[in-house]
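Q: Sequence:
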Amino acid sequence: MPTPCSRQGPAPQPHSIEALAEAVAAFIDAEGLHNCILEWYSKPMWASLTQHPRFPAMLKERQCQEGPATELAEVLRSCSPGRQHPLWSRLPSLACPALFVAGSLDNKFVRLGRDMARLVSSSHRRGDAADAGVPECGHDRDVLSSNFRAVEGCGHAVHIESPEQLAPMIAQWCCDLSGL
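For the sequence shown, position 88 (counting from the first letter as 1) is numbered 88 according to my numbering, and the numbering increases by one without interruption.
Please keep in mind that the hints were generated in silico from the structure rather than gathered at the bench. Bear in mind the structure is a predicted one, so any value in this text is a computation, not a measurement. Take the hints with a grain of salt, since some may be wrong.
[Claimed, not checked] So the derived label-pair ranges between C-beta atoms look like this:
#1 E31 - Q172: 39 to 45 Å
#2 G32 - Q84: 23 to 29 Å
#3 S122 - N35: 43 to 49 Å
#4 Q172 - E71: 20 to 26 Å
#5 S122 - Q65: 41 to 47 Å
#6 P81 - G32: 20 to 26 Å
#7 P56 - P86: 34 to 40 Å
#8 C96 - L59: 33 to 39 Å
[What the hints assert, rightly or not] In silico BS3-like cross-links for lysine-lysine, where the CA-CA straight-line distance does not exceed 30 Å:
#9 K43 - K108
#10 K60 - K43
#11 K60 - K108
Where a beta carbon is used, it is the ideal one built from N, C-alpha and C, also for glycine.
Hey, can you work out the whole structure from these sequences and the hints?
A: Here it is, written out as structure tokens:
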């Protein structure tokens, strides 16, 4: 059954995100959700999360969630990042400020967040968004250049690992914007 995220196309390349999503989905089908969750959180990207004091309770809660594992497997097959249309080319036309956040220990997403922020900021400084017919949002272009933040000591799950750092960071960014 197709899902809203489904995309028709060729089979995934052997080392692609799509292939990984398919492998995880097949693992869920074969081994069940409980074992898949244990395997998933053993990956390096979750290392800092697994050391968090709330992790054991979170893990238990996720392992006890109801619902057929086949549904999760289908979501992974059809909605993996490899099946989604990339939107990088649209970032330079973003007319309003955007805050990109990643945990400082998540090297891949720190790099991606900085790259996204750079694309948005450089277009604001050049005025590309306005030139593309995108309405201005009334903010000073120089202020828009600082829109990436790394949350110190966190990995991939910033919102779980350190909401006490993340929330004030977002609140301060919003206050800075409202003062323009």
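Q: Give a verdict on every hint.
A: Cross-check of the supplied hints:
no.: 1; hint: E31 - Q172: 39 to 45 Å; result: holds, 44 Å
no.: 2; hint: G32 - Q84: 23 to 29 Å; result: holds, 27 Å
no.: 3; hint: S122 - N35: 43 to 49 Å; result: holds, 45 Å
no.: 4; hint: Q172 - E71: 20 to 26 Å; result: violated, 39 Å
no.: 5; hint: S122 - Q65: 41 to 47 Å; result: holds, 42 Å
no.: 6; hint: P81 - G32: 20 to 26 Å; result: holds, 24 Å
no.: 7; hint: P56 - P86: 34 to 40 Å; result: holds, 36 Å
no.: 8; hint: C96 - L59: 33 to 39 Å; result: holds, 38 Å
no.: 9; hint: K43 - K108; result: holds, 14 Å
no.: 10; hint: K60 - K43; result: holds, 17 Å
no.: 11; hint: K60 - K108; result: holds, 28 Å
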